[in-house]
Amino acid sequence: MVVSPVLLIAVPLLLAFIAPLCGKAAKYIPPAGALFNLILSVILIPTVLKSPMIVSIGGFPPPFCINLFVGPLGIFFAALISLAGFLISIYALSYIRERAVGKYHTLYLLLLTGATGVVLTGDIFNLFVFYEILCISSYALTAHNAHWHRHGTEAAVKYLIQGSVGSAFILLAIGMLYGFFGTLNMADLAKHIARAHSSVLFIPLTFFIAGFGVEAAIFPLNAWLPDAHSVSPAPISAIFSGIAIEIGVYAIMRVVFTLFGAPLSVMSVLLIVGLLTLLVGEICAFRQNNIKRMSAYSSIGQIGLIVFAFGLATKSGITAGLFQITSHALSKILLFLTIGYMIYSIRMKNYPDKYVTEIEINSLNGLGKKMPLTSLGFAIAAFSLIGFPPFIGFSSKLLIVKAALLKGGIYAVLMGIALIATVIEGAYFLKVVQGIYFRKGEVEGIKENNVFILVPFFILAALIIFAGIYPGILTKILNSSSGELLNRIGYIGRLPG
Amino acid sequence: MRKLVSIILLGALAFGLVQAVKKIPFGVQKTKVGKYYVERGIEDTGSSNIVTSVVLNYRGFDTLGEVTILFAGAIALGAVLFTGKKRIEREVYPASPILSTACKFLFPLILLFGAYIFIHGHLTPGGGFQGGAIAASALLLIFLGCPGRKTDGRKTRLMESLGGIIFVLAGLLGLAYGGFFLFNFLPKGTVNNLFSAGIIPVLYIVIGFKVASEIAGILDNLFGETE
Amino acid sequence: MTLKILLLTAFGGAFVTYFLGKVSSKLRNYFAVFVSLTLFVAVACLYGKSAENFSYFKFFGNTLVLRVNSLSWFFAAAVSAFGALSVIFSLDYMKGKENLDFYYMMMLLVNAAMLGIVFAADLVSFFVFWEIMSWSTFLLISYSGKNALPAGIKYIVMSLIGSMAMFFGILSIYVNFHTLIISEIARGIVSASSGYKIFILVLFGVTFGIKSAVMPLHTWLPDAYTESPTPFSAVLSGMLTRMGVYGFLLFFYVVAGASFFFDIDAGISKFNYILCWLGAITIVIPTFIAMLQNDAKKLLAWHGIGQGGYMILGIAFGTSLGLAGGILHTLNYSICIVLLFMSVGAVEYRCGGVRDLNSLGGLIKKMPVAFAGALLGISGLIGLPLTNSFVSKWLIYKTLILKSHPFLAFAALIGTWGTILSVYKFLHNNFLGELPEKYENIRKSPVSMQIPIIILSSAILLFGILPGIPLKVINTIITSFGFNSLNVNLWGIASETGTLNTINIFTAILIAGSVIWMLFRVGKKSFPVTQDDNYAAGAYVPAGKYNYTADFYAPLFKIVKPYLMDFADKFFGWLCRVFTGFSEGVRKIYAGDVGYYVLYILFFAALLFFVQSGGKSW
Amino acid sequence: MIFYIGSFALVLTGLYIAAAKKNLIKIIMGLSLVDTGVNLFLISIGYIKGGTAPIFSNAAIPGKTMVDPVPQAMVLTAIVIGLAVTALALSLVIKAYYHYGTLNVRKIKELKW
Amino acid sequence: MAIAYILIILMILCAVSVVFFKDLLNAVIALAAVSLIASVLFFLLQAPDVAMAEAAIGAALTTAIFIVAVKKTKRYENEKIS
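If you read the protein sequences in the order shown, they are chains A, B, C, D and E. Residues in the first sequence are numbered from 183 upward in steps of one, following the working numbering. Residues in the second sequence are numbered from -10 upward in steps of one, following the working numbering. Residues in the third sequence are numbered from 70 upward in steps of one, following the working numbering. Residues in the fourth sequence are numbered from 37 upward in steps of one, following the working numbering. Residues in the fifth sequence are numbered from 22 upward in steps of one, following the working numbering.
Treat the hints loosely; a few may be bogus.
[Stated by the list, open to error] With a cut-off of at most 30 Å between alpha-carbon atoms, the simulated DSSO-like pairs for lysine-lysine come out as follows:
| id | chain 1 | residue 1 | chain 2 | residue 2 |
| --- | --- | --- | --- | --- |
| 1 | E | 93 | D | 58 |
| 2 | E | 101 | D | 58 |
| 3 | B | 139 | E | 93 |
| 4 | D | 145 | E | 93 |
| 5 | A | 536 | B | 74 |
| 6 | A | 622 | C | 95 |
| 7 | D | 143 | C | 657 |
| 8 | E | 92 | D | 58 |
| 9 | A | 536 | E | 93 |
| 10 | C | 166 | A | 551 |
| 11 | C | 95 | A | 552 |
| 12 | E | 43 | D | 145 |
| 13 | E | 93 | B | -8 |
| 14 | A | 536 | D | 148 |
| 15 | D | 145 | B | -8 |
For the record, the hints were derived by calculation from the structure and aren't laboratory data.
Bound-form chain A, shown alone:
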């Protein structure tokens, strides 16, 4: 018997509703939910690879009801989200221990649910609803413990304002599409759009890109990101960088590829925008003194690379982009978690009463001796982000460059420019690595001994290395995922009736 994929959304939602009733035990709920999702999505992968599952909700035939489209792409993202969510929630078990703890865990689980819903749904308005769940929990988690957290509040306010403008754009675009075609089901919409020869279809597309672009953090819509990612608590920074912005990219790609069939002009714009995002992100990261802000800008850069890869609009390009999403998720999560633990330890030693979530790079000096495992994790993550072999970042960079070169011509030139960013990234990350290992700092009395925090490091580092050496394990699902994005006819064809 095949399990229904709707459980991927329903069960975490149920758990999220239960969480506020659990009091102190609430913190065990997110790992449970994420673990459930992880197992379920892994179980579903073989079935989905054979043929995508259409799950109608409410028992009516699509397009008359909301349906889930559980294709390889969706299940891949669901698995990634739940894996990341699981590891981060284990980390958070002992990391988040003060003040509004229960609310944190509920919102965290809601964020995961929203992300899962976005990637699984086959209905554009439903996508918007889940996207809003994701956004609202993000706003709140950015400002976690707002009462003690000046910068968190500021970042959250700014994030919320920009996010709301983006959401309004999305809703406008949905309205227009409904006005044009009278349906909300994505397959149905795609069918209509493929037939239509309207000269105004670019307007909803523009609103979609500008709207989802805020969450996807493409330049110049990403001004919230460095603020929000740098001031939120480490697990939240990790889930933002590793999952949330990737969901934005997913949404853009789903709209552009599946709904609108990837028109050339849009793809070139995305390509340029991706390149700009990459360069601006890396250049800004280069001059940061705050370690988390630096990593946040680095996330912008990586997202730029992802968008660039998708912008190539070839199968190899999309596969490369998806690979880069995986690699960025794993590496950036590890990076933020290790930074978080360092900040936590320093804070516990120096000012245990203040609520601190960010720190200067110089304060990390010399931690390599006191926190060897954490520092090793940081180094692995940084190396992977730069793209050193044998870590996973190397494989993804290889795929992206290969895809760009396969397309040849101007794309190869742009790729060459994009590679400059790697050099910049190397410069600033390795400076930090040097500081941690080879500089002297005041690190007396700091130690690492929390198993719950160290276990996720270990798993993530193992995954980064393992997938770096054997990238073949991912290629099958990524290939069929990119096939799903490109095969618009196939997507439409799944619509019964």
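Starting from the known structure of chain A, arrange chains B, C, D and E on it as the hints suggest.
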């Protein structure tokens, strides 16, 4: 300067919007999905308010998401305003007897009205959200008119959670009975009866309570004095 | 199969060393030595074997392959030998420092990565090992902290620029020829257009130019050599930088193919000719800059750049003789420079980390072995007869003169003069002259340092007298490139215009030397005097207060210093500052004012409208 | 058509407030206006001239003339989302005021560059 | 639909006055007026469900929340006036 730039940019945006809207004729039947709902709604769901049947049955998943958003919003607001301190019991100036008496008099009436709205969601305009909001405005009246009164946070939270849990459980029961999440597994009954339309009234009542308690929680949090 | 096991041993050994260090430091040290020696023995056993395209791994559906042939064996042997020697040298040198587990692991890792590079037979494995080498080198350079950190950053940034160029080139090749295996690419590239060939060669030229520090790209090297731990400086100069030379050989002669390499005509001049001139510049300028240095390691570092020029010159020239000269010089130079770094290391170790040439001196009696090593090392660098470099330099000169390139030959010659001047300063200021008082009771260098020094010293003499040993291998290398075989015998090499026969030279020098020695014995004209009498013109100078090694070559300094600025370094520094300023400006985009941010969103949407309404792709 | 114009006027006014105004609460009001405008837009899309509300208060009403219920369902959702976002936004504004002592966005910029 | 025209013009006027009111309480009231008129418009567009929701949520509750927020911060846009 900034104003000028924003006006120029908004002009460009307006141009785009107008371009798009030219293709959307106003006031013309254009949707096959909507038409289907109107034609088959009663038959499929047993609810005479088609909007309700769309909200809770055809697009019930959206509504689950919506409920979740409100839930998330309430939790988020609680988290943002959380100070970790006991609320200060400030000396309140009692409102004039006329005001408080009127409030107390109106309170059950508005509450009743709200309840009526969400119970009859499948028959008349309105439903869980509207009814819940109206019930919450009754609470708002009490907050304003009778200072010093407040809701019991634990109970509203319990209600919120229970509402959500029941909604999801109903969906899961549908999955178990009919093979579809949120499947309308209860008998549809006769149209235009109170006890008709399967799980729709059940869900709307649940939503009504949930929305009311959530908004009450939000208001309570906002009104609460914290230094 | 052996290759796979070999590499696994190399990499595994590195990690095992780290974990053994957690158990016991003695065990770790012995194990590190054991691993590096094992690798040397294993590589040595591969002599004469050749195996092409032995597949060992699948990566994205591409088979990764290894191979061993004379070229890779030659480099692998050198790598593993120098690796083993520097690990042995480290035993005492590094004693008492922090993070030794890490240090040994990285030493072995660099070693392993270099072995991987030379055994790789496809471009992806080549690149992977290349990058592993880059980052592990970076970590080792930064190991000492403080000044080493900027040096490390400089290294890794330049190295990354190089690797990105190579990465791009590799994938471009892959996309065009659908294969990554070097031998297959070599077959495919014949049909490529000449523009494409130049493109590829420039990309790879940048990579290997940076690694082997060809003149405008050399700026990372002086700092890196100076600041890394001395045993690693030895590895760095001895082998790691020479990986660039290996890369040049591989790409110009194996991948691109010799015929192709010389055929491309860029319209103005041939690619290899440009490279020759770069090599010549690289010989001259750094050698003179070296003269100005007062830090022993920095002096050697600048030499490292200069001598690299000879190799590039020889290799790029591309005749059998020149190529043989270039390759041989790679080996010879490595021996010399490793030896010199080890002597410096020994001195540094005993003098408490002092490398300043102005404050040292007179250590000849205290540290005879180090002195002998240094003496032989500088003789080798200069290319005195009977030392190994004599042969290789002779080959290079001969090529240049035979092919009538007098300017290049002249440049090479000037380089040698500069070398003589500067390395003499090195020898003098370290070992000759007055011994400063505070070093009165210095002891000899420890055994673990003496062993590598003695081995390398004898290698210099051995290869100087019997150059046929390496030349025989080199001969097979160049024949495998498609060049004419050289007429090599154990004593030397025969060519159209003359024959080099070291045994004759050896005999002649031996006889002359013994005659002179006899004369001195018989004459006994010299006698030691105290310093006060002659040195200070009769005035009393307290011993040790005035050390006449200070400000060596001061007059010369004054003349040449203004001309010997490191323009490349200045240029890159300027570039860095410009970039920093630029990024400082770019990040002002994120102005902190949410109104602007909303405007950005509106702007983006408006821009998209603009672009889209122009596009007619619907 | 006038409905479209009205709704876009709301949207643009709201966006203008968000982009050009300094006061945080004003900005949130702008966002609220945008929401209202979008909602109005959606409902106008679903309108049919001469249509009736999609409620069969007695079974005799012909279904043909009913307005489209889907936008109405969407707008219901959107209104609730708007409420949640507005409430959250205002709570954040209150906290921002608590920390910074001002509502002027030109002054609340400790996070920049 | 003449009444619709009047209402919409009124609504736009209210919306524009939100921009210009310096007193935030006035602006809130204008906002509530916009919501209220929108709710009437919803009713005119045959959407009684939405009209109800807009009236209850948009016009009543949102306004209340805004007023609370204004009360807890500053009343005037120009903060020098207290």
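Hints, one by one, checked against the model:
no., hint, verdict
1, E:93 with D:58, "18 Å, holds"
2, E:101 with D:58, "14 Å, holds"
3, B:139 with E:93, "18 Å, holds"
4, D:145 with E:93, "21 Å, holds"
5, A:536 with B:74, "16 Å, holds"
6, A:622 with C:95, "26 Å, holds"
7, D:143 with C:657, "16 Å, holds"
8, E:92 with D:58, "18 Å, holds"
9, A:536 with E:93, "25 Å, holds"
10, C:166 with A:551, "13 Å, holds"
11, C:95 with A:552, "23 Å, holds"
12, E:43 with D:145, "23 Å, holds"
13, E:93 with B:-8, "28 Å, holds"
14, A:536 with D:148, "22 Å, holds"
15, D:145 with B:-8, "20 Å, holds"
No hint from the list above goes unmet by this structure.
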